[in-house]
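Sequences and hints are given; from them, build the entire structure.
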Amino acid sequence: MIDKPNLEVGIAGIKLKNPVMTASGTFGYGQEYTPFVDLNRLGAIILKGITLKPKKGNPPPRIIETPSGMLNAIGLQNVGVEILIKEKLPYLKKFNTPVIINISGDTIEEYMELVRRLEEVSKEMGVAGLEVNISCPNVKKGGMTWGTEAKATYKIVSTIRKVTTLPLIVKLTPNVTDIKIIAQAAEEAGADALSLINTLVGMAVDIDSRKPKLANVSGGLSGPAIKPVALWMVWQVFQTVNIPIIGIGGIIKVEDALEFIIAGARAIEIGTANLVNPQTTVEIIEGIEKYLMENNIKDINELVGSMKI
Amino acid sequence: MSTILNKKIKILSKKEVAPNIYLAKLKAPEISQEALPGQFIHIKCSKDNYPLLRRPISIHRIDKEKGEIYILFQIVGEGTKLLSQRAVGDDLDVIGPLGNGFNIYPESKKIMMIGGGIGVAPLLALCEESIRQDKEVRVLIGALKKELIVGEENFRILGAKIDVAADDGSYGYKGLVTDLLEEIITKEGWLPDQIFTCGPKPMLKKIVEISLHSHIDCQVSLEERMGCGIGACLGCVCKIKTKDKKEDKVKYEFKRVCIDGPVFEGSEVVWDD
Ligand SMILES: Cc1cc2nc3c(=O)[nH]c(=O)nc-3n(C[C@H](O)[C@H](O)[C@H](O)COP(=O)(O)OP(=O)(O)OC[C@H]3O[C@@H](n4cnc5c(N)ncnc54)[C@H](O)[C@@H]3O)c2cc1C
Ligand SMILES: Cc1cc2nc3c(=O)[nH]c(=O)nc-3n(C[C@H](O)[C@H](O)[C@H](O)COP(=O)(O)O)c2cc1C
Ligand code: FES
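Protein chains in written order, with this note's numbering: chain A, 1 to 309; chain B, 1 to 273.
Quick caveat, the hints were computed from the structure, so don't treat them as lab data.
All values reported here derive from a predicted model rather than from experimental measurement.
Glycine is no exception: its CB is placed at the ideal position from the N, C-alpha and C atoms.
Do not take every clue at face value.
Calculated pairs, DSS-like style, for lysine-lysine (alpha carbon to alpha carbon, straight line, at most 25 Å) [stated by the list, open to error]: (1) K145(B) x K206(B); (2) K211(A) x K243(B); (3) K86(A) x K243(B); (4) K53(A) x K205(B); (5) K205(B) x K56(A); (6) K241(B) x K53(A); (7) K81(B) x K110(B).
Under 7 Å between C-beta atoms, here's a sample of chain A residues computed to sit facing chain B [stated by the list, open to error]: (8) P61; (9) E65; (10) I74; (11) G223.
Set out below in structure tokens:
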């Protein structure tokens, strides 16, 4: 048995002590989880999606449970980048874990201004990288439209690339006909890594009132229900691009995380599972280490994309 | 704020106290020490991942000496049904205590509590605390019919004056509990310094109207569907007026029931449906 396998991975030039990160929107601004998780243990912390200006979000009900998953229509409620910088990032600086900011915008200009601002403060505030959300299904303008068309993806990513040297992760939506084309466009535009998948658009109906169960009518499906879809997409994209992939979708236990890694993900993000069991991240880190030891694998990187077919 | 814990707590006893309404006693040495009236716990209803999300349930009684808490809950769907089927001796995976809790002002002498249906759940702990602080407490319980009025005796034992109202006239005051409240204030002339209430939204809305009219401070406990329960996912919001009241139009923001609430000043809530 291996004594101490290597869990360290590199993503977009960011060194992670292990491949486990938190998925945007399910881990708040990090601090909320300190009663349950030593933030120093995490590979990276990805924060709730941020926009240039604060956003009110959608009316309630915003979430509803569905078979093996949930629909959410938060509508990107967030404090805006200035409060993020002033009130949220200082707290995270004391941890020895890279902080990645998930960003959203309605227009190209908004993305650019947001990225410039984050670039400006990145050294001082410890911003390790950006995850560009071009895939939010729950906002009217912008949001997902950037991620459903290859040309738009290329445009937004290449524009952001020009205004920042920060590591750039592009987060893809599964709500497309062919994710490979979008992935390619993002790579060509200068993305350092890709993360996938965001939520799948769905809905639920109350048969008594005949109203949609979400005030927003539609929402994004997440949780175990989407894992097979996410895995298939990661595997397809893995065969298409040369940049690292971060796997996301329905990971609630170590076996799920390993599936993603074997299918080509160099790192993974945990989302909905944080809401259910706030210690999921740490349990999965420990589980991965155990798996590597038991299977005599010296380095997690050997496992990435090792699927046998 | 109290320390939030994720614990496995044992079900010590369980009883169906009314049709589909259960009272359970839980061994919670740490959580009971931290808990405040009006707070809740976030419960994993089953041992596996169905249902996936936790369900929020108020802390009904706090027994710090014995290290126990009680919950009172009604079966309305799968989660609460599975919870009701958990056996005595089982460990429940819970996170808590969560939320802000009720705020009893030191200067208040007379306190009114109003529970609609299962909304009485968080009020018993509050009643116990108010009586401990030597307040004069009156409790109104409203429900659709007699069988669904729960906890009447428990409030009485604590020393509160209690009135009940069944909508169908089968017990106590015939009519809505909000009409009863109006009668107590206007006819009887019993004016409380504070009102605390929990129950269906239309009831809360009406009680807030009455309280504003009579200039009584009123705190309401709201419910919303929850994800994390700890303020991270923004799934559980309600509309709360913002402080800036310069413009005529009511301005509001979405606040999280799980951490900014579940207790809000009645006057701050925007009731739009
Ligand atoms: C802070 C807080 C404290 C609560 N305390 C208690 C309590 O002490 N006792 C108790 O019986 N119930 C309490 N509730 C309500 C309880 O959480 C819901 O009844 C429960 O989550 C329903 O789960 P389910 O799986 O059984 O039903 P589901 O299948 O999820 O839903 C069944 C029906 O219940 C309603 N519902 C679902 N979730 C909620 C919710 N979070 N709030 C309001 N309505 C909901 C829906 O309209 C739906 O039609 C509380 C809710 C909150 C937010
Ligand atoms: C409540 C909630 C809020 C989310 N908010 C964001 C967000 O702000 N930005 C983003 O890129 N993704 C957001 N997501 C998507 C998740 O980051 C993740 O991609 C998705 O939930 C799939 O992973 P999971 O099945 O592990 O949850 C959110 C998901 C949930 C459930
Ligand atoms: S339930 Fe997640 S913020 Fe309230």
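Hint check:
1. K145(B) x K206(B): Judged against 25 Å, a Cα distance of about 20 Å means the pair holds.
2. K211(A) x K243(B): violated, 32 Å
3. K86(A) x K243(B): holds, 21 Å
4. K53(A) x K205(B): violated, 32 Å
5. K205(B) x K56(A): holds, 23 Å
6. K241(B) x K53(A): Given that 25 Å is the threshold and the Cα spacing comes to 20 Å, the pair holds.
7. K81(B) x K110(B): violated, 38 Å
8. P61: holds, 5 Å
9. E65: holds, 5 Å
10. I74: holds, 5 Å
11. G223: holds, 6 Å
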